[in-house]
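Undergrad: The chain contents come next:
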Amino acid sequence: MSTTAPDIARPSGGLRTRVSAFLYRRRFVKLLLLLAPPLGWIVVVYLAALAVLLFTSLWIEDELSGRIIHTLTLDNFRELWNQPVYRTITKNTVVMAIAVTVTDALLAFPLAYYMVRMASRRMRALLFIGVLMPLWSSYLIKAYTWRLITSQDGPINWALGKVGVGPVDIAFSYLAMWLAFSYLWLPYMVLPVYAALERVPSSFLEASADLGGRAWITFRKVIWPLALPGIAAGSIFTFSLTLGDYVVPDLVGGNNHDFIGNVIFRFQGVAQNVPFAAAFACVPVVIVTIYLALMKRLGAFEAL
Amino acid sequence: MEPRPVRIAIRTGAVVTMLFLYLPLVVIALNAFGASKIPTWPVSNFSTHWFRLAWGDQFARDALVNSVTVGLRAAGLALVLGTCIAFALSRFRFFGQNAVSLLFVLPIALPGIVTGMSLLSAIEYLDIKPSLWTVVAGHATFCIVVVYNNAVARLRRSSASFEEASMDLGADGWQTFRHVTLPNLSTALVAGGLLAFALSFDEIVVTLFTAGSQQTLPLWMYEQFKLPNQAPEANAVAVFVIALTALPVYFAQRLMRDTGGIGGR
Chain A
-10 MSTTAPDIAR PSGGLRTRVS AFLYRRRFVK LLLLLAPPLG WIVVVYLAAL AVLLFTSLWI
50 EDELSGRIIH TLTLDNFREL WNQPVYRTIT KNTVVMAIAV TVTDALLAFP LAYYMVRMAS
110 RRMRALLFIG VLMPLWSSYL IKAYTWRLIT SQDGPINWAL GKVGVGPVDI AFSYLAMWLA
170 FSYLWLPYMV LPVYAALERV PSSFLEASAD LGGRAWITFR KVIWPLALPG IAAGSIFTFS
230 LTLGDYVVPD LVGGNNHDFI GNVIFRFQGV AQNVPFAAAF ACVPVVIVTI YLALMKRLGA
290 FEAL
Chain B
119 MEPRPVRIAI RTGAVVTMLF LYLPLVVIAL NAFGASKIPT WPVSNFSTHW FRLAWGDQFA
179 RDALVNSVTV GLRAAGLALV LGTCIAFALS RFRFFGQNAV SLLFVLPIAL PGIVTGMSLL
239 SAIEYLDIKP SLWTVVAGHA TFCIVVVYNN AVARLRRSSA SFEEASMDLG ADGWQTFRHV
299 TLPNLSTALV AGGLLAFALS FDEIVVTLFT AGSQQTLPLW MYEQFKLPNQ APEANAVAVF
359 VIALTALPVY FAQRLMRDTG GIGGR
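One line per chain: the protein sequences are A and B, in this order.
So the first sequence is numbered by our numbering: it starts at -10 and just counts up by one.
So the second sequence is numbered by our numbering: it starts at 119 and just counts up by one.
Bound conformation, chain B alone:
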């Protein structure tokens, strides 16, 4: 047991850190409901004006559709690739295993600007026309590790003997996968997929380097923040987006609770 002054100090530190994490979110929420065109503090007149404006904004709507499209494709790709690599690394022992696992962490360990600049160099060199698909390629690359982290955490906990038992009882490889392996893994995969989607949905650094003329929602918001007097609308969209991404993250967290939390981004 820590001495009393230490306990008080730690408790104070914890409160300070939580306040630091949440006060800016309060500012974001209040600003979104502020009526003023130029953000003022304290927010005096409240209105849902910016939400209504954003709702009717065709550019914002298009950007939202693009973001969802990219997120679904990137998460789908990451799910397949991340599951494969999780199986390969947790159920097999082979030469260069550590190097392979490092390879998949690299896209999030190196700064996003490096990934973005690399993809841009490749796009320019190969003369590829930037589109939503180039954005998907970039997103899927750093989403693989999210799926991998979740899948591997579950695979490490569950023993391969279940699969062996299934095979001993006469099931073939596909049946074992379909009826034993997949049900055991499913919630981890759903969690990984949700997180991959949320990650893609919010990404801007790599996206700015790989996008063509079609904007994703973060690209649209970034543009608004840089224009004079457009910020409040983007602010309202952001609050909407936060509410939207909070749901998948919350569910992913619940699904992975028994495996000791979800892996980092």
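In isolation and in its complexed conformation, chain A is listed as follows:
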């Protein structure tokens, strides 16, 4: 045996063999060795940082010296709760996240359906790459380009002018941001919906038709319930990414459209009030946690 595969079967009894035999017998040790580096990393770099965030949010900044006072207080959260402006910002951000999620679901569904049920194999592969590519091309330039597209003399008004419709003033507006967000996160919705629809066996649809189900009934009773986990999975990305973004409010929204993201960014940067920024950063954590719990019930985690 050792002569036919000299590379693999070396004489046994060396240190390596003993180590390997030890690990084979004690799978627990092997598991521990595998778990320790990644778990250590995520605990030290990520969870510990989240914990520091939480503590920082409970500290306050001394207004005169600008130094952080390390005493625990709920002052930052009280401020967030009592000032109507922060509630408005939070509400606007959440409404935008929901609008973008719904838009992307509406746009993604026909494309995903076409890819799964109607396109040829070749076409499907082409579209799959086609959806994937924009996802990986510079996020920053895509956001910035929506500022140009929606500008007064940009492509939208140019196209509208060609068909004789007067120019629309959508530069630096919620509408412009809605378009930009829907554009940026669309591939995140298409891919899970595609995956969910692909798992629907065509025999289910035939069975429904055989039993007299018309197209609408088949859609409502068979396709929709099976596609829902995919939409829920995609919505985690569209919702969460909108909630925490500050590049689009900054580049596309201009000066008068504050979202959670760019307010946090301003507080830690220009205002140098890190504790307050940390407190505001806890808001999307709570909202996303609630959202994740809701989506879990729709089966999103199985479709991720």
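No incorrect hints appear here.
Taking CB as the label site, the calculated pair distances span:
no.	chain 1	residue 1	chain 2	residue 2	range
1	A	109	B	292	41 to 49 Å
2	B	170	A	71	48 to 56 Å
3	A	275	B	275	34 to 42 Å
4	A	203	B	295	50 to 58 Å
5	A	110	B	279	27 to 35 Å
6	A	275	B	176	40 to 48 Å
7	B	170	A	29	41 to 49 Å
8	B	251	A	244	32 to 40 Å
9	B	300	A	200	46 to 54 Å
With the Cβ distance kept under 10 Å, some of the chain B side facing chain A (calculated, not the full set):
no.	residue
10	135
11	150
12	157
13	159
14	203
15	210
16	212
17	222
18	225
19	243
20	363
Source of the hints: derived by calculation from the structure; they are not laboratory data.
All residues carry an ideal CB built from backbone N, CA and C; glycine is no exception.
Place chain B on chain A using the hints.
TA: Just chain B now, with coordinates in the frame of chain A:
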């Protein structure tokens, strides 16, 4: 078979969505070749002026080098950590398994601003000097899941019996890993590594919170977009970057084709 009007509606919807995805990319490309200092539409005079300008820009070059450095380090770290966790979660059953897998999804499930703000709080609290390494730490954290997704998809498909057979034939643990497990996993790891690199290369949200004085390419671009009259150069750089990241993503996609596509970001 769907009724004809439904088929037409779906086809139309699919075309609309694809146009929505690609028309802005056309605008980006046209703008990059526009000669005007202020972006105008339609683009009338074409030139490669901005590409030449960007090519000679030392700040852009430094930023590119920094981005590649960060991307390689982050992808390297993510490869090691992501492979470990993929093995632990797919080849073992243990208490708290679901909690552990959730832990690694968390950095991409929570908004980037939360990750960024957390790392910033920690950097301030521990009085760490922000550098490329703090950027790498942030990037590696959310890149782990990309490698994990690719590796785990392959591991689930391949049975552990190959490894057992190798051991039965007298190979020790290292030889089995080197000659059986790794070759089976290699393309998935290459794909995961490429995607992790592409993800790091394009990242801005977490980077802005963790970077020191050394800029990455997205940071440089962001600065240009906010300055008056600097956007066209950044636009040209972006087109160059898109071309550059398209390659690794395309190859990653090809490598993972037999495993049913690559995992999300």
